[in-house]
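These protein sequence lines map, in sequence, to chains U and B. For the first sequence, the working numbering gives the first residue as 1, with consecutive numbering after it. For the second sequence, the working numbering gives the first residue as 1, with consecutive numbering after it.
Simulated from the structure, these hints should not be mistaken for lab results. Incorrect hints may appear among the rest.
[Stated by the list, open to error] Derived SDA-like pairs: lysine to any residue, alpha-carbon spacing no greater than 20 Å straight-line: (1) U/K257 to U/W269; (2) U/K82 to B/K382; (3) B/K382 to U/L446; (4) B/K249 to U/F299; (5) B/K249 to U/W269; (6) U/K82 to B/D282; (7) U/K200 to B/D62; (8) B/K249 to B/S353.
[To be verified] With the C-beta cut set under 7 Å, the calculated list includes, among others, these residues of chain B facing chain U: (9) P245; (10) F248; (11) L280; (12) G363; (13) A366.
[Said to hold, decoys possible] Estimated spans, in silico, between C-beta atoms of each pair: (14) B/D159 to U/L266: 54 to 60 Å; (15) B/I395 to U/K460: 21 to 27 Å; (16) B/V380 to U/V96: 43 to 49 Å; (17) B/D133 to U/A412: 28 to 34 Å; (18) B/E234 to U/V341: 45 to 51 Å.
The C-beta atom is built at its ideal place from N, Cα and C for all residues, glycine as well.
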Amino acid sequence: MADFEERRSLLGGEDEGSFTDRRAARGPGRPLPAICDPSHLLHRVVVLTFMCFLGFGSYFCYDNPAALQTQVIQDLNLNTSKFMQLYAWYSWPNVVLCFFGGFLLDRVFGIRLGTIIFSLFVCVGQVIFAAGALVNRFWLMEVGRFVFGIGGESLAVAQNTYAVNWFKGKELNLVFGLQLSMARLGSTVNMNIMGWVYSKVADLVGSPGHTALGASLMIAAVTCLFSLICALVLGFLDKRAEKILHKEQGKTGEVIKLTDVKDFPLPLWIIFVICVCYYVAIFPFIGLGQVFFIEKFNFSPAEARAVNSIVYIISAPASPVLGFMVDKTGRNVIWVFCAVVTTLAAHMMLAFTFWNPWIGMSVLGVSYSLLACALWPMVAFVVPEHQLGTAYGFMQSIQNLGLALIAMAAGAILDTRGYLFLEVFFCACICIALMAVVMLYFVDYLRGGDLNWSASARAKLLKEATSDAEIKRRPSKLTEGDLARLTPMSAFGLRNRYLSRLGTQIPHHCSTHLSSLAHRSVLK
Amino acid sequence: MASVKKRSCSVSSLMFLFSVFSLSEGLFGGGETFKRKLSIELNPGMLSPPGGDLLHVRAVGDNDTLHFLFCSQGAPTLLLVHTNTISSTVKVNWTQFLDRNISGGLMVEPESSILYSNAIVFSRLFEYDDVNDTAGATSDFFPPYELQDVSWSRLNLSDSTALLCGGTANSNGSLCLQLSVFESEGRGHLWPTLLHTANSSQLGVWLDGLLPRATRSRFLLELQAVGGSYSQVEVHRSIDDEFTPSIFKVSQWVSANSSSDGGGFVQWKPVAYRRSAPALEDATPCRHSEPRQQSGKEAASVSGLIRAFYTDPETFGLNVSFGLAGEPFYNSTRFLSWTMLVGIGSPPVDSFSPLVLAIMAVGLGAPMILLLLGGVCVCVRKRTAALSSMAYEPIN
């Protein structure tokens with residue numbers, strides 16, 4: 001089938017090669033024990049565990065400020081807008097780095113060295129951040145967050161590339177699902193544990209203060225060290241597998257051409273607007289949520305942290321399930337509309353009523369997962385494959401830019417106008433996203449686009465298109481990788497590429513080499 | 001189907017806009033927007049009486065008068081007298097007034113026109129050593145500062161505010177009270193920007209530079225409400241914290257409404273600030289104890305104004321304690337300020353600011369309008385498409 005041929009050409013005949021080499025490796029005599037054999041499932045499970053824990057440290061430490069908000073503000077004498085700078089500085093490097101992550105991993109460092117370097121950045125960044133707290137210098141903490149940000153997002157790219165290299169076909173869904181769960185687990189554990197760690201350290205040190213804060217953050221840095229060790233082990237195992245199986249170092253396969261931006265169609269720009277306006281109402285809100293729940297709903301600090309982490313806890317199981325549902329039914333625009341409307345309802349519930357915030361935050365968690373599953377695949381429907389790298393890079397870049405700016409704005413608003421006004425501001429952002437969704441629906445409908453097609457309609461069309469493409473493609477032998485990338489991929493392949501990201505069952509003949517592109521976005 | 005969607009959309013959006021406008025109308029029109037004319041006089045009938053000043057503000061409305069009397073003879077006291085005529089006056093017999101053992105030194109004439117009166121006495125400032133950082137306020141009390149023994153300065157008048165400051169024997173710092181009287185509805189300028197009407201006055205209390213007697217000391221302020229049955233403090237929850245960020249509660253100390261008199265109130269937000277130009281982090285929560293009945297005679301002996309106006313009034317007292325467990329101590333900034341509203345009638349109710357209402361109206365209305373427009377476009381497009389496609393006929 002056409003897809004199989006393309007997949008073969010893009011993966012460089014890996015499967016066949018590895019198959020023959022496996023036989024050749026066993027040929028000379030000494031068979032490796034199952035756990036040491038890179039082609040055996042058991043060994044790959046071991047590699048999988050290291051892969052999952054690779055990102056754990058970065059997600060654990062990303063939300064450290066939110067988990068310790070009161071302590072950070074009190075011990076370092078900050079106001080809320082300075083506190084939010086800690087989040088802004090994480091996002092600034094990623095405005096630029098989203099474009100270069102794939103390039104650095106493919107051409108400059110290679111996946112193994114690149115992963116180790118980014119892990120090192122994460123570790124060093126967190127240590128600088130903790131050191132800044134120990135010596136009571138806020139600028140040092142900002143530098144630490146900046147360094148941490150350089151490593152954090154790019155590490156997710158590396159993690160996905162490893163996954164695509166070691167696992168194929170149906171296994172990939174499970175792997176992505178597990179990576180997502182580990183990421184969410186890291187965030188949740190951080191939210192619920194750091195407060196306890198701080199109080200224990202404060203007892204040890206004698207009194208709460210910047211020393212206790214610095215020590216707690218150093219303890220959090222241990223998770224980053226653990227991730228660094230995982231990166232080193234992964235690098236070693238990958239190199240070893242390369243020697244044994246004679247396969248090439250993995251590539252992200254990403255191509256970024258900034259000149260493609262002028263070709264982006266209008267629906268894509270609307271999708272960018274939805275993405276930015278939606279996420280700026282979620283992450284800064286979680287960053288400032290703990291004190292909001294303490295002050296407004298009279299929660300204890302531990303309870304407030306638990307309710308703050310519910311968004312992450314819910315999105316871990318909900319994302320694969322909702323992704324499966326979205327893909328079975330299609331009609332992505334309607335799902336995005338539903339997600340935005342329910343998020344607006346959740347924010348209004350939290351702002352204008354005293355109803356139990358568990359309800360509002362749970363609704364927020366479900367709608368956030370739904371949006372992630374429905375919005376990111378739409379990019380693939382409007383943009384040809386060879387521009388996908390640029391489109392996703394651009395989307396993440398402006399998402400990070402929006403997050404950096406709005407994080408600072410949220411802190412300033414809170415300092416002067418209070419929580420109700422901040423919530424109204426977030427509601428206004430969601431309303432802008434809502435307007436964009438409505439516009440997207442009508443623009444797409446009036447242009448005769450296919451964003452809102454049901455899954456069955458899409459499948460029917462793709463079957464026809466595939467058969468057409470087969471007839472067309474047989475004479476032209478596309479074996480060169482670059483040439484293959486130039487021909488737009490069939491929509492069927494496009495759809496199935498992103499199924500894998502969501503942890504669903506995909507047929508054998510799908511091509512998954514670019515699934516890592518979209519997947520890292522789901523982790524955000 | 002699109003036309004049905006359009007119709008239902010237009011109906012729902014109209015209903016929403018209507019409700020928003022009626023809500024804003026209700027919120028704005030519901031308050032008391034009347035004005036009073038203020039006339040201020042200091043020490044009527046005598047020039048700088050010894051022991052303390054007496055400030056008299058006459059706030060004249062359409063057919064009633066509200067007399068504010070603020071006195072520093074003994075403990076600082078604020079007395080409000082509400083009369084039902086615009087020609088009521090205050091007469092002070094200074095010899096009787098200055099002799100703190102005789103009552104009747106201050107009279108409001110004509111006496112039959114008095115509708116209601118209430119007074120607030122600031123009697124004591126307690127300080128305790130919070131060794132374990134529990135803010136329990138049950139033990140380790142230092143000897144309290146009796147506010148009747150503080151040497152108060154002369155009342156400093158400016159605009160419609162009066163400032164009274166006093167220092168204690170053993171420190172440089174001061175305890176100040178500031179009274180503001182208002183002509184019409186408005187809001188304070190500094191946090192907690194309390195909403196006031198012409199029927200209320202604002203009293204700010206602050207400690208500035210007062211030397212604490214321990215590094216971990218916290219303060220309590222004792223208040224006495226005189227002249228009504230102030231047996232209860234109601235705590236209302238409010239979703240709006242625009243004007244006092246991160247404070248979602250309002251405390252109201254009201255007198256049980258017995259007859260046709262409007263009653264009186266003391267209203268405050270349970271927050272104190274640790275800096276004179278506070279930021280959000282300088283807010284420290286405060287608690288109040290349950291009001292307890294106290295002897296009117298004691299109140300009269302402590303405050304010259306109570307002795308002069310009342311004979312044997314009903315008195316309730318409570319303590320306002322500043323700071324909870326885990327909050328920074330007084331020693332961190334050596335500044336503490338707290339504001340309250342004292343008035344007649346029912347306490348003012350806060351409402352959303354126009355900006356918030358406008359943002360919500362635009363934010364919710366615009367997508368609906370967009371949906372409407374889009375539905376119209378789609379309808380029009382379908383109709384033209386249907387018209388044009390009628391020219392085609394299927395071949396087979």
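Original post:
Are the Cα atoms of U/K82 and B/D282 separated by 20 Å or less?
Top reply: With a Cα-Cα distance of about 15 Å, the restraint between U/K82 and B/D282 holds, given a limit of 20 Å.
**OP:** Verify the interface restraint on B/P245: the C-beta must sit less than 7 Å from at least one C-beta of chain U.
**Re:** holds, 3 Å
**OP:** With 45 to 51 Å as the target window, see if B/E234 and U/V341 comply at their CB atoms.
**Re:** violated, 37 Å
Subject >> Hint check, B/G363 versus chain U [nearest Cβ-Cβ separation less than 7 Å] >> reply: Result: holds, 4 Å to nearest chain U Cβ.
Original post:
Going straight from one Cα to the other, do U/K257 and U/W269 come out at no more than 20 Å?
Top reply: Roughly 17 Å separates the two Cα atoms, so the pair holds.
Original post:
Does U/F299 lie within 20 Å of B/K249 when you go C-alpha to C-alpha?
Top reply: holds, 14 Å
**OP:** Determine whether the Cβ-Cβ distance between B/D159 and U/L266 falls within the hinted range of 54 to 60 Å.
**Re:** Given range 54 to 60 Å: holds, Cβ gap about 58 Å.
Subject >> U/A412 and B/D133 - C-beta distance against the hinted 28 to 34 Å >> reply: holds, 31 Å
**OP:** Double-check B/L280 for me: the hint is only fine if its C-beta lies closer than 7 Å to a C-beta in chain U.
**Re:** holds, 5 Å
**OP:** Take a quick look at whether B/K249 and B/S353 sit within 20 Å of each other, Cα to Cα.
**Re:** Roughly 17 Å separates the two Cα atoms, so the pair holds.
Original post:
Holds or violated: is the Cβ of B/A366 closer than 7 Å to a Cβ in chain U?
Top reply: holds, 6 Å
Original post:
In this structure, is the beta-carbon distance linking B/I395 and U/K460 contained in 21 to 27 Å?
Top reply: holds, 22 Å
Going through the hint list in order, the structure does not satisfy hints 2, 5, 7, 18.
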